[in-house]
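Protein chains: 4
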Amino acid sequence: MRVLIVYYSRTGNTKQMAEIIARGIKEEGIGVEMREVEKVKARDLLDYEGLIFGTPTYYGSCAYQIKRLLDESVSFHSQLDGKVGGAFTSSANVGGGNETAILSILEAMLIHGMIVQGDPQGDHYGPVAIDSLDARARDNCERFAKRFVHLLRRVYQQAR
Amino acid sequence: MRVLIVYYSRTGNTKQMAEIIARGIKEEGIGVEMREVEKVKARDLLDYEGLIFGTPTYYGSCAYQIKRLLDESVSFHSQLDGKVGGAFTSSANVGGGNETAILSILEAMLIHGMIVQGDPQGDHYGPVAIDSLDARARDNCERFAKRFVHLLRRVYQQAR
Amino acid sequence: MRVLIVYYSRTGNTKQMAEIIARGIKEEGIGVEMREVEKVKARDLLDYEGLIFGTPTYYGSCAYQIKRLLDESVSFHSQLDGKVGGAFTSSANVGGGNETAILSILEAMLIHGMIVQGDPQGDHYGPVAIDSLDARARDNCERFAKRFVHLLRRVYQQAR
Amino acid sequence: MRVLIVYYSRTGNTKQMAEIIARGIKEEGIGVEMREVEKVKARDLLDYEGLIFGTPTYYGSCAYQIKRLLDESVSFHSQLDGKVGGAFTSSANVGGGNETAILSILEAMLIHGMIVQGDPQGDHYGPVAIDSLDARARDNCERFAKRFVHLLRRVYQQAR
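Residue numbers (this note's numbering), protein chains in the order written: chain A, 1 to 160; chain B, 1 to 160; chain C, 1 to 160; chain D, 1 to 160.
Just chain A, with the same shape it has in the complex:
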């Protein structure tokens, strides 16, 4: 069982979030890869049980580089059905479009037939960093990694 974290990062914030999430997943004993979106082909998405996308918040949705990969994934439509998904974002401001950015990815995952879960305590739709990667954001990334693995294990019926 393997997880792919696809990210686009210009300033490094989104990449740092990806690193914390990758470490958390690894610590739970699940194989994980981190790849810049430019180095991911749509076909690669088929090889993983879990897919996590990270993006800066650009105009209330994901960076176009992420969207391009999602658009290209139409060649494999229905083949991601039943996989587990999640998303995270780094944003300049509170109220700056971070929730809609995460939801733009989760909605694409739902359209692929993927399975997503929220969090009743942490950032509800997925981890959000505001401005820099402060302790709050780091905690949310760690928490997200643990919950993602838990969901993956439930869905793929793998005992811990």
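Simulated from the structure, these hints should not be mistaken for laboratory data. Every residue gets a Cβ at the ideal spot worked out from N, C-alpha and C, and that includes glycine. Everything hinted at is true.
Computed beta-carbon distance windows for the label pairs:
id	chain 1	residue 1	chain 2	residue 2	range
1	A	Met1	B	Arg138	34 to 42 Å
2	B	Thr11	D	Asp131	21 to 29 Å
3	B	Arg138	D	Glu36	39 to 47 Å
4	D	Met1	C	Glu38	37 to 45 Å
5	B	Phe76	D	Arg35	49 to 57 Å
Computed cross-link-like contacts, DMTMM-like style, restricted to lysine to aspartate or glutamate with a CA-CA straight-line distance of at most 25 Å:
id	chain 1	residue 1	chain 2	residue 2
6	D	Lys15	A	Glu72
7	D	Lys41	A	Glu38
8	C	Lys39	B	Glu38
9	A	Lys39	D	Glu72
10	D	Lys146	C	Glu49
11	C	Lys41	B	Glu38
12	B	Lys15	C	Glu72
13	B	Lys41	C	Glu72
14	B	Lys146	A	Glu49
15	D	Lys146	C	Asp81
16	D	Lys39	A	Glu72
17	A	Lys41	D	Glu38
18	A	Lys146	B	Asp81
19	B	Lys146	A	Asp81
20	A	Lys26	B	Asp81
21	C	Lys146	D	Asp81
22	D	Lys39	A	Glu38
23	C	Lys26	D	Asp81
24	D	Lys41	A	Glu72
25	B	Lys39	C	Glu72
26	A	Lys15	D	Glu72
27	B	Lys39	C	Glu38
28	C	Lys39	B	Glu72
29	A	Lys146	B	Glu49
30	C	Lys15	B	Glu72
31	C	Lys146	D	Glu49
32	B	Lys15	B	Asp47
33	B	Lys26	A	Asp81
34	A	Lys41	D	Glu72
35	A	Lys39	D	Glu38
Knowing the structure of chain A, use the given hints to seat chains B, C and D on it.
Structure of chains B, C and D alone, referenced to chain A:
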């Protein structure tokens, strides 16, 4: 393992959708109850592994009666974490707010920590009836029931 | 030309935001009323050129009391067409559903045919208070008031 | 006063919608240009009072080509403040992500500080074509053009 379908229906369309979904779930061998939202207390939600909410599309989100139940469920916040959720809607028109209505419920479910899944072939976010309950909408309700049970079985690790 | 601010507030945060916005609108020379949602009838909405709704963030959308008023406003559907609208929210957390809460109101306003505007500098969809009403949130409320009046004057072609 | 319609179209449906809207705007006596997104530079957006974006529905949001232009427009952030915006989409299915696709554009426009309006009778968030460009979709495009010009005239205080 049991599923509760909570619905609000003024004209009967949403109720009919609930009936088709309930029948589909039952046919898959899972216990299911259908209840008008006015007869559901927030505490009742704890008793089911699967929760499905049905609503007419009113101004782009769920009817306030559904929202009231969601607001009241805050007394049990974190106790729905990990349950399986889904939503459906009946709407007057194409482009009439049906997708945002379903998403208003799915977003609340994510905030509760619930698990949701989309559909790559049928109505992506959840079944939508436009105007009346035509064959297209019926098929989507039946399809949704089957997929919901499949997800429930995966998450609760129950062999068929 | 008059503005109505409709709000629901349990802890007082949303009410305080309403007060700052009301003061800002008044300072710009426009008549403004602030009313608890329980004291507003759908018919009242017809009497104002500008409508602003304030809500706590409850499960990613507006409080059901606000939604009930929106649902009841269907009796006057098409009669709010061309009015100017806006929304604000108080929320417990970053990433806690505040953006989707504001959008749940803006979407209802669009369905009524109303005119809304975002903000390229302040909170983009509408003012958001996280936890308490800090300086950031106050500034956003003041800024929102000024911009709302500016839009109202443009739409209703009233010279300053 | 001039309007730019930016569109991406692979099968020709979105382009046809753009043509109907362009014709409708011209008939109302307003200058209008139609341009494929690949031929538009972010700087060009500054030259128009009204901006309309058309996109196929791809995974619940706009095509990445449209998103790329929006991302690039950050170089002119705050300079679109107060302009009038709108969006339309062609989609394969009911419930197929068409509303969220339009909203992905409207949200970006709000973040730019732009002014948008819904429609209480036609497709509420913007014109939607399902599958092909049927009479329903054509009517919605024509209706949208008229309303867009009306809003433009109100906002820019131009008598008919």
